[in-house]
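S.K.: Here is how the chains run, residue by residue.
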Amino acid sequence: MSPPALAVAHLSKRFGGLPAARDVSLTVMAGERRLIIGPNGAGKTTLFNLITGDLSADGGSARLFGQELIGMPTQQRVHLGLARTYQILTLFPRERLIHNVVLALLGLDRRRWNPWSILLAKHDLYDAARAALDSVGLGGSAERVVSETSYGERRRLELAMALAQKPKVLLLDEPLAGLSQGERQTVRALLESIPRDVTIVMIEHDMDTALALAERITVLHYGEVIVEGTRAEVVADPRTREVYLGD
Amino acid sequence: MLALCAVALLALPWIIGSEFYVNMASQVLIYALFALSINMMLGYGGMVSLGHAAYLGIAGYACILATLAGYNQLLAAMFGIALSTAAAALFGVLSLRAPGLGFVMITLALGQIVWGIAYRANDLTGGDNGIRHPARPMPFGMDIRDAPSFYYFTLAVFAIALVCIWRFARSPLGASVMGARDQPRRMRMLGHHVWLVRWITFVMAGFWGSVAGVLYVYYNLFLSPHAMSLQQSAEILLMAILGGASTLTGPILGAAIITLVKNVISTYVERWNTLLGMIFVLVIVFMPHGLVPGCRQLWQRMRGREGAHTAIGAAPERAQ
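Note that the protein sequences, when read in sequence, are chains A and B. Note that my numbering numbers the first sequence so that position 138 is 168, with each residue one more than the last. Note that my numbering numbers the second sequence so that position 112 is 515, with each residue one more than the last.
One chain only, chain B, in its complex shape (with noise of 0.2 Å):
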């Protein structure tokens, strides 16, 4: 199964051909980039941010103050990624003194505060008309311009960070963060450090935004207070519950699912909008915990069922 989805996304340039189409699942890949890093606080610590969208705009736009400044590409994608990811780990100090709603509402402050400064600074950020990025660098000397080539550029990015997460959500660390999500008092008297654990996964999970912040920057070229805006933060966490928190697949469907009705059915359906929110209530509704739990909980019902089917049948053939 694995590799037969590697396979697809590998081929994906010559399978729809249509360059508006290979630049959607750039941008479907940058998404899910985005809703797999918060996935790591919502779906694994229990955490809920309304911030997150910060750090895509602090990687942003630090990536392309440190380029228009004169530094090469990599180092200034490097200094937007060490920046936020070091805003990351203020936030979580700041946000994790809070429980439950104290901590949603201080993510929201936050990422409300870095909004305002990007939207007020003019001379640094161009405020609300962006700012510019001049160029997508060349990775290894390889020209990352057209669209199959930037696309499997994400795809490598993406797929790093997929198996990283993938690895984090297994690793000791990882057991760590969901007993502490399901048992912060019982971990604390297992020996673990809950708030340390949690503060790695924040800043983990800051990193990874930060990666999505600067492969946005480098797909749209621009950057504007938008992109960091509490509707940017709340849509990634509702990409997140509409695949499936806690599991890994669930955001990058739900990444899929929430690019595509914006970008693509919106073109044919004015009301989109009120579309987006039928599907996700649908889901919600008789899919609470998201569409691939949900779909996974169906199967294994049918196949229970089939079973049962089987075993009906079966029964005269054993006692015969």
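Looking at chain A on its own, in the form it has when it is part of the complex (with noise of 0.2 Å):
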């Protein structure tokens, strides 16, 4: 039997007194679609940044498809098949938009450590970051830069950088989040057209828009997961609705 897509077992990660990450267990299978819930401060992002290794864990383990990522330099991780997009938009705003993407894929192409070869030539690299933004609906954007772009442009380049990679887990940090009713409706379309062979483990507050999205649901409070389960078991939780839905 293959290894789950991401298993994270008894994490744990403290603020000086305060706990953010308290024996945190989640396996997540290939293929799968995970929402983690819970209110702010719940330890969401903490979570992915433990996963990522943004953060050192002080205690416990995470592994993609059976290796072991703590103690693991991110960009390792990132080589593994992990990537993921950012609550609050990490791009580089001076330049074109095509050029961030060109970033993504030279991250794991050998040619990065090139200082002599002019980058522009690299036509197999820019080829694959316009069909990238293409596939995010922003191929007719690729030349602009990213300060002049909307923020749903940029959520949805976020996006087109973290797919460009062809992950294997893709860690998704509220991809909705700013965005209109009409930009939620095309970020919703393309996460639904993400291919199954990519993991996709998703905090995200919009629950009409994750419920419809996700298979299992994680719920986090106090650093601590809560309640896990199918849509209809996290739902009908009492534990759910008194810290999440406020019922």
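Careful: at least some of the hints might be erroneous.
Beyond 10 Å from chain B on every Cβ pair, some chain A residues (computed) [as the list claims (entries may be wrong)]: (1) S32; (2) F95; (3) Q97; (4) R124; (5) D139; (6) S165; (7) G167; (8) G170; (9) T239.
Label pairs and their calculated CB-CB ranges [to be verified]: (10) E173(A) <-> V684(B): 31 to 41 Å; (11) G519(B) <-> D157(A): 23 to 33 Å; (12) A489(B) <-> D53(A): 40 to 50 Å; (13) D88(A) <-> A409(B): 53 to 63 Å; (14) A242(A) <-> L504(B): 47 to 57 Å; (15) D526(B) <-> G47(A): 50 to 60 Å.
Now the stretches of chain B that chain A is said to cover, found in silico as 3 or more residues with beta-carbon under 8 Å [as the list claims (entries may be wrong)]: (16) 540-553; (17) 581-587; (18) 590-597.
Simulated from the structure, these hints should not be mistaken for laboratory data. All C-beta atoms, glycine included, are put in the ideal place defined by N, C-alpha and C.
From these two lone chains plus the hints, build me the complex, please.
M.R.: Shown next as structure tokens:
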């Protein structure tokens, strides 16, 4: 039997006296769409940061297809097939959209160490970047500078950068945050079109979209997993309703 | 434009004639190379180093000492550059451990340590009195003792360095270091080894700084701890900032302005230091990104205004 796409076990992190992740364990199978929910400060983004290596864990383990991630540098985790988008957009605002995607492609390309060749002459990279932008509907904006684009376009650019890397596991941190209703529909359609060979773990507050996309849901509260199960199980659980749905 | 600059640089000794000014042009090229090297870290990598003059000193002293020990000039120069680049590799490991201000402080401390060693090691470096280099080399049998020949030799080395640094700035590695300057966290999450990218850039900057150091020794035929002082490091940094860090031509322009003010204007203006300070303050106030980006912006704004006037003027014609 193949190992789970992502297996987090007893992961913990404290900021001084404040526990941000307490003995968090979850298993995400390959191809699964997992939703992480919880009120503000529940430790959702911290969990992502621990998985990606943006934060170092105090204890526990996180395995990507059986390979231990904890203790491994962030860039090495990316080379194993991990990609993420950020809650607060983290792009290169002075650069063109296509250059942002090229940087994403370059991160997994051996040619990134070359100090002599001209990047603009790497046509295969630019073609792949254009294709990634096309896939999120930004093909016509490839030459625009990021700072001149709308918030919704930037969100889609984040997705294009992550998808261009052909990840095995994609962590999406509030991909719909700050978007208009129309933009939400566009991004939602995009998320639905991501092939099944990409496992998705998503933090999202837009419950309609999130619940429609997710197959299993994990509820975090004060850094702890309090409920986990299918949509129906989680929604029906009184603890979910108590801490998150406010019922 | 590029061809015009190349022709002007090649014809410079004939244009200016005077030996003093030809020597000045050589000096400008040496400092421009030095400023370009620090700009690889500052402009492209966002790393502010206050110890860059150490590479000039290490390469220079090693080159002189190897020549005095009887090695041929080429070997001595290569030894100087290799030793200094190795020092940059070590200093990079030490200073890149700390981000931001910590990085600045470590480079400052390392630069001061090297300066202190040069100052105290009398037997080796001649201490405060400095040490003389016996003579300029004869590369490929060419005599570069006179001012125009030395200028062309310096120009050739400068041109090679300029092409290499230009290619670096447009290369995948250059894109990575600029990405690491703007969004290091994001770059890691895209699979880039931010530390290693910065370290390679640090070492490359040290290499070109060392090349400038050997040229400095050939030009002056003398080296003292003053050449690797904090003031020297700061001055090189100012050259890059004044002209426009992160541009290729900015550090060259900055080096030309500061070298000319120091050596030419200082003969007419007693308070040339004040003048230099005023130039620096004015440029930073009115063109915070330096002269080259500032002038480029100004030019674009003027062209935009010109375009707007043309459009307004053209409107009735179109209507007709």
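S.K.: Does each hint hold? Answer for all of them.
M.R.: Each hint tested on the structure:
In this structure S32(A) is separated from chain B by more than 10 Å, as the shortest Cβ-Cβ distance comes to about 24 Å. F95(A), annotated as away from the interface, keeps every beta carbon of chain B farther than 10 Å; the closest lies near 17 Å. A cut-off of 10 Å between C-beta atoms confirms that Q97(A) is not in contact with chain B; the least separation is 15 Å. Taking the minimum C-beta to C-beta distance to chain B, about 7 Å, the non-interface status of R124(A) is violated against the 10 Å cut.
The beta carbon of D139(A) sits about 8 Å from the closest Cβ of chain B, which is not more than 10 Å, so the claim that it is off the interface is violated. Once the 10 Å rule is applied to beta carbons, S165(A) is consistent with being away from chain B; the minimum gap is 17 Å. With 10 Å as the threshold on Cβ separation, the claim that G167(A) sits away from chain B holds: the shortest Cβ distance comes to roughly 21 Å. Distance check for G170(A) against chain B: the nearest CB is about 23 Å away, which clears 10 Å, and the non-interface claim stands.
No Cβ of chain B comes within 10 Å of the Cβ of T239(A); the nearest lies about 24 Å off, and the non-interface call holds. A hinted range of 31 to 41 Å for the beta carbons of E173(A) and V684(B) is consistent with their spacing of about 38 Å. Between G519(B) and D157(A) the Cβ separation comes to about 55 Å, which falls outside the hinted range of 23 to 33 Å. Remark: the range hint 40 to 50 Å for A489(B) to D53(A) is upheld by a beta-carbon distance near 48 Å.
For D88(A) and A409(B), the Cβ-Cβ distance of about 60 Å falls inside the hinted range of 53 to 63 Å, so the restraint holds. About 48 Å separates the C-beta atoms of A242(A) and L504(B), a value consistent with the hinted range of 47 to 57 Å. At roughly 58 Å, the beta-carbon separation of D526(B) and G47(A) lies within the given 50 to 60 Å, and the hint holds. Closer than 8 Å: that is the beta-carbon criterion, and the segment 540-553 of chain B has 0 residues meeting it against chain A, so the requirement of 3 is violated.
Here's how the segment 581-587 of chain B fares: 3 of its residues keep a CB closer than 8 Å to some CB of chain A, so the rule of at least three is met and the hint holds. Using a Cβ-Cβ cut-off of 8 Å, 8 residues of the segment 590-597 of chain B lie near chain A, which meets the minimum of three, so the contact claim holds.
When held up to the earlier numbered hints, the structure conflicts with 4, 5, 11 and 16 and fits the remainder.
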